[in-house]
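Fit chain to chain and form the complex, with the hints in mind.
This is what each chain is made of:
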Amino acid sequence: MTASPDEGMRASFEAEALPHLDAVYRFALRLTGAPDRAQDLVQDTFLRAYGAWDQYTPGTNCKSWLFTICRNVFVRQWERGQRHEEIVAENVSRDGSGTEAIGPVWSSVETVDPEGEFFGSFVDEEILRSIDLLPEEYRMAVVLSDVEGLTYDEIADLLDIPVGTVKSRLFRGRRRLQKALYDYAVENGYLRPKARTPDGEAHQ
Amino acid sequence: MISCRDALNLIFEYLDGELEDVSEEEVRAHFEACRRCFPHLKLEESFRAAVQRATRGKAAPPELRSRVIELLSEVDRG
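Line by line, the protein sequences give chains A and B.
Residue numbering for the first sequence follows the working numbering, beginning at 1394 and increasing consecutively.
Residue numbering for the second sequence follows the working numbering, beginning at 20 and increasing consecutively.
Just to be clear, a hint being listed does not mean it is correct.
As the list claims (entries may be wrong) - Derived list of chain A stretches under chain B, where covered just means 3 residues or more per stretch with a C-beta under 8 Å from a C-beta of chain B:
1. 1405-1415
2. 1435-1444
3. 1449-1455
4. 1534-1546
5. 1554-1566
What the hints assert, rightly or not - Lysine-lysine pairs mimicking DSS-like chemistry, simulated, CA-CA at most 30 Å apart:
6. A:1560 / B:61
7. A:1560 / A:1572
8. A:1572 / B:61
In short, the hints are calculated from the structure, not lab data.
Note that the Cβ used here is the ideal one computed from N, Cα and C, for glycine as well.
Extracted from the complex, chain B is given alone in its bound form (with noise of 0.2 Å):
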């Protein structure tokens, strides 16, 4: 099993689906057995899902697609 040091520091890598090295199985596995580590992967889920609840799902303001679409038109228009 990969050492607690390592699976907090591939913490990022394997939270972002990019893990090179280590497989995501080995790191899962780690965080699954480690009672120190998995209360670090918890909050570290809660802080990605903390900020995608305040950023996504922000839509532009339907103005700025008219006013957008407009200025397409002008283009075309010379």
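So here's chain A without its partners, still in its complex pose (with noise of 0.2 Å):
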């Protein structure tokens, strides 16, 4: 047997799987919450693509190829006992109610936040644990979509559930995360807590 196949395959891995090492990594990091963790989640990731390789097909989506072997060797390896969190039922209507809609966030910086810019205040660190803190589900989303940019076919795909149940995580997980930035700012004394009123002004 020459080595020609080999070098090839090599190749190509390098060529096409390599450059997403920094996607994988900061989707490991997500996923597991600590940086060693998350190193031997992307080795195990990178030997288990490399291995197989021949399965995946050229000009596809690499990085969400990539991200599927990531999640897998994840829940298979590490989510029983570690981060087992319980997620809430997800047939809450999501429409019923402009609260909902709006989220629980609006009511109580609309008064002091007229230009909408209370979200960039924050550190980059509390972002991040806020975002770790997040049950696993609702964290693959969000990550995959704000972070890596994904469609929700891509990321339905992914993680093997609806498009519909993409976006009902996309939409609970983003409204857990501002709630939590919420409450750290409140907690922190960086916003005057406001009582929950009806929408003053009716919207149309």
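Okay, here's the thing in structure tokens:
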């Protein structure tokens, strides 16, 4: 057997998969919440990906393919007993009320932040801490969409869930994250809590 | 024009570029014209920008890249 097929495989892997190392590391960091565990997860992910490289279709979304492997390795090896969190039922109506659509943060910040700059005032560390505290299902959806820019379809494929579930996880994940940041701001005196009142000025 | 409730319910799909039944122009027109909804959009945009700022651009440690390349070579050697 000549060496060329192996060399070709290695070269194509280095050209197509390795450029996504940073993205996979960011994803792993948010999955595990710890740099050392993220590094182990990235190593396992790339080893598995290399072993399965003949199953990858060139020209398809390699980053998404690597995220799928990363997520599977994570779920199999680490999820149990490490960060197992219960997720609330996902069958709550999204459009049942305007309050749900607007979110809990809005009624509190609208008077003090008419420019909508509230979230711009947080330091990165607090945002990362709050992301890491999200239940895993929400965290994955938020990170894949907001951080890595995957489409709803790509996230649905990757997590093996319907697109509607992607939407609801993104919706709830983002709202939870906003609430966590809001609570942090109140606890630290950056924002004065405001009693929840019905919307004074009606939307159309 | 779409209603405020519809616009607010679609705010994430709009920002994600994932609208299906309503056009981007329709949603944009509502937010631009409605002084009650416009600040909501601004708040969501600032939220998204803050999350992206906090998480983007984090590079893997150089030693991790070296270690992965080393591992691939180990596999190649069998």
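Violating hint indices (sorted, rising): Violated: hint 3 alone.
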